[in-house]
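Taken in order, these protein sequences are the chains called A and B. So the mapping is simple: the working numbering equals the position in the first sequence, first residue as 1, plus 145. So the mapping is simple: the working numbering equals the position in the second sequence, first residue as 1, plus 221.
Honestly, the hints are just simulated from the structure, not real lab data. Note that the structure is predicted; figures quoted are calculated from it, not measured. Take these hints with a grain of salt, some might be off.
Listed below are the simulated EDC-like cross-link pairs for lysine to aspartate or glutamate, each with C-alpha atoms no more than 16 Å apart in a straight line [unchecked claim]:
#, chain 1, residue 1, chain 2, residue 2
1, B, K318, A, D201
2, A, K156, A, E230
3, B, K280, B, D304
4, B, K277, B, D288
5, B, K318, A, E189
6, B, K330, B, E238
7, B, K318, A, E249
8, A, K202, A, E189
9, B, K291, B, E275
A few chain A residues facing chain B, derived, Cβ under 8 Å [what the hints assert, rightly or not]:
#, residue
10, G185
11, Q186
12, G187
13, L188
14, F190
15, D201
16, L236
17, E249
18, Q250
19, F252
20, G253
21, P254
22, G255
Not everything, but these chain B residues come out facing chain A in the computed CB check (under 8 Å) [as the list claims (entries may be wrong)]:
#, residue
23, G261
24, E262
25, G263
26, P264
27, L266
28, T269
29, L307
30, L309
31, K318
32, F319
33, F321
34, G322
35, S323
36, G324
37, K326
For each residue, glycine too, the CB sits at the ideal point set by N, CA and C.
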Amino acid sequence: GAGVSQSPSNKVTEKGKDVELRCDPISGHTALYWYRQSLGQGLEFLIYFQGNSAPDKSGLPSDRFSAERTGGSVSTLTIQRTQQEDSAVYLCASSFWVGEKSYEQYFGPGTRLTVT
Amino acid sequence: TQLLEQSPQFLSIQEGENLTVYCNSSSVFSSLQWYRQEPGEGPVLLVTVVTGGEVKKLKRLTFQFGDARKDSSLHITAAQPGDTGLYLCAGARRINKFYFGSGTKLNVKP
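With the rest of the complex left out, here is chain A:
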């Protein structure tokens, strides 16, 4: 597939459990982003990767949230001890790094997380 893919598409978990969300970016895209979107709202920036490093983790809501990227490709967002307020759609996007004038992000379809 040519686009950004995310898995699972839907995840229902019990409060207190850990979850892992996966993102497969477009091949060759060096930058990868994670966002969170509450129902029908705008996107909240969580973290971005340039290659395998994360220069900006400032958006992670708490230390229960972590993310990693390996091989400059797949990324995993992990939420430990999930809480009901973590329920949202988690979106991943990727882009080329081409200097200051090209910011086109391609988004995946998202993972809808529901914490019961």
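Take the given structure of chain A and dock chain B to it, following the hints.
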């Protein structure tokens, strides 16, 4: 607090009407993007504006970036039901850091 404020939050209009969506901030952005998002999908980029005062047209959509690069507008002429969706603006303050507005939900009735 949201760095980018969008208005209106909701807009329901008849097919054929014109509309404008606003994206405002007190901060300066190096560029600003507009996205459209449909239910169950990720946002899709419509346009990027980078120069203060820039105007870009995409068929019936006209995008403007404010002279001071703090605000932007999206104008749709003769709206169609296919324009229905959530419109999001996003500003970049430095490379690879984007701030999204809260979105405008547009419903165009046939």
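Results of checking the hints against the structure:
1. Using a Cα cut-off of 16 Å, the hinted pair K318 (chain B) and D201 (chain A) holds, with the two alpha carbons roughly 8 Å apart.
2. For the suggested pair K156 (chain A) and E230 (chain A), the alpha carbons sit about 14 Å apart, so the restraint of at most 16 Å is met.
3. Under the criterion of a C-alpha separation no larger than 16 Å, the hint pairing K280 (chain B) with D304 (chain B) is consistent with the structure, at around 12 Å.
4. Annotation: proposed proximity of K277 (chain B) to D288 (chain B) holds, straight-line Cα distance about 14 Å (limit 16 Å).
5. A threshold of 16 Å between alpha carbons decides the hint, and for K318 (chain B) with E189 (chain A) the separation of about 11 Å falls inside it, so the pair holds.
6. For the suggested pair K330 (chain B) and E238 (chain B), the alpha carbons sit about 10 Å apart, so the restraint of at most 16 Å is met.
7. Distance hint between K318 (chain B) and E249 (chain A) is fulfilled; the C-alpha atoms sit about 12 Å from each other, no more than 16 Å.
8. This hinted pair checks out: K202 (chain A) and E189 (chain A) have alpha carbons roughly 12 Å apart, not beyond 16 Å.
9. For the suggested pair K291 (chain B) and E275 (chain B), the alpha carbons sit about 12 Å apart, so the restraint of at most 16 Å is met.
10. A cut of 8 Å between beta carbons decides the hint on G185 (chain A): the least distance to chain B is about 6 Å, and the hint holds.
11. Interface hint at Q186 (chain A): satisfied, since its Cβ lies 6 Å from the closest Cβ of chain B, which is below the 8 Å cut-off.
12. The interface hint given for G187 (chain A) is met, as the beta carbon of that residue sits about 4 Å from the closest beta carbon of chain B, less than 8 Å.
13. At about 4 Å, the closest approach between the beta carbon of L188 (chain A) and any beta carbon in chain B falls short of 8 Å, and the interface hint on this residue holds.
14. Taken as an interface hint, F190 (chain A) checks out: its beta carbon lies about 6 Å from the nearest beta carbon of chain B, inside 8 Å.
15. Hint status for D201 (chain A) relative to chain B: holds, with the closest Cβ pair at about 6 Å, below 8 Å.
16. Proximity of L236 (chain A) to chain B holds as hinted, the smallest CB-CB distance being about 5 Å (cut-off 8 Å).
17. Because the smallest distance between the Cβ of E249 (chain A) and any Cβ of chain B comes to about 6 Å, under 8 Å, the interface hint for this residue holds.
18. Checking Q250 (chain A) against chain B by beta carbon gives a least distance of about 7 Å; that is within 8 Å, so the hint holds.
19. Interface hint at F252 (chain A): satisfied, since its Cβ lies 3 Å from the closest Cβ of chain B, which is below the 8 Å cut-off.
20. Taking 8 Å as the C-beta cut-off, the interface hint given for G253 (chain A) holds, the closest approach to chain B being about 5 Å.
21. For P254 (chain A), the shortest C-beta to C-beta distance to chain B is roughly 5 Å, which falls under 8 Å, so the interface hint holds.
22. Against a cut-off of 8 Å between C-beta atoms, the interface hint on G255 (chain A) holds, since the closest Cβ of chain B lies about 6 Å away.
23. Among the interface hints, the one on G261 (chain B) holds; its C-beta lies about 7 Å from the nearest C-beta in chain A, closer than the 8 Å criterion.
24. Evaluation of the E262 (chain B) hint against chain A yields a held restraint, the C-beta minimum of about 6 Å falling below 8 Å.
25. Because the beta carbon of G263 (chain B) sits about 3 Å from the nearest beta carbon in chain A, less than 8 Å, this interface hint is met.
26. The restraint placing P264 (chain B) at the interface with chain A holds, with a minimum CB-CB distance near 5 Å, inside the 8 Å limit.
27. At about 6 Å, the closest approach between the beta carbon of L266 (chain B) and any beta carbon in chain A falls short of 8 Å, and the interface hint on this residue holds.
28. At a threshold of 8 Å, the smallest CB-CB gap from T269 (chain B) to chain A is about 6 Å, leaving the interface hint in force.
29. Interface restraint check: L307 (chain B) against chain A, minimum CB-CB distance 7 Å, threshold 8 Å, status holds.
30. For L309 (chain B), the interface hint holds, since its Cβ comes within 8 Å of a Cβ in chain A; the closest pair sits about 6 Å apart.
31. The interface hint given for K318 (chain B) holds, since its Cβ lies 6 Å from the closest Cβ of chain A, which is under the 8 Å cut-off.
32. A hinted interface residue such as F319 (chain B) counts as satisfied when its beta carbon comes closer than 8 Å to some beta carbon of chain A; here the least separation is about 6 Å, so the hint holds.
33. The beta carbon of F321 (chain B) comes within 4 Å of a beta carbon in chain A, closer than 8 Å, and the hint placing it at the interface holds.
34. Look at G322 (chain B): its Cβ gets to within about 5 Å of chain A, closer than 8 Å, so that hint holds up.
35. With a cut of 8 Å, the hint placing S323 (chain B) at the interface with chain A holds, because the nearest CB-to-CB distance is about 4 Å.
36. Interface hint at G324 (chain B): satisfied, since its Cβ lies 5 Å from the closest Cβ of chain A, which is below the 8 Å cut-off.
37. A hinted interface residue such as K326 (chain B) counts as satisfied when its beta carbon comes closer than 8 Å to some beta carbon of chain A; here the least separation is about 6 Å, so the hint holds.
In summary, the structure agrees with every hint in the numbered list given earlier.
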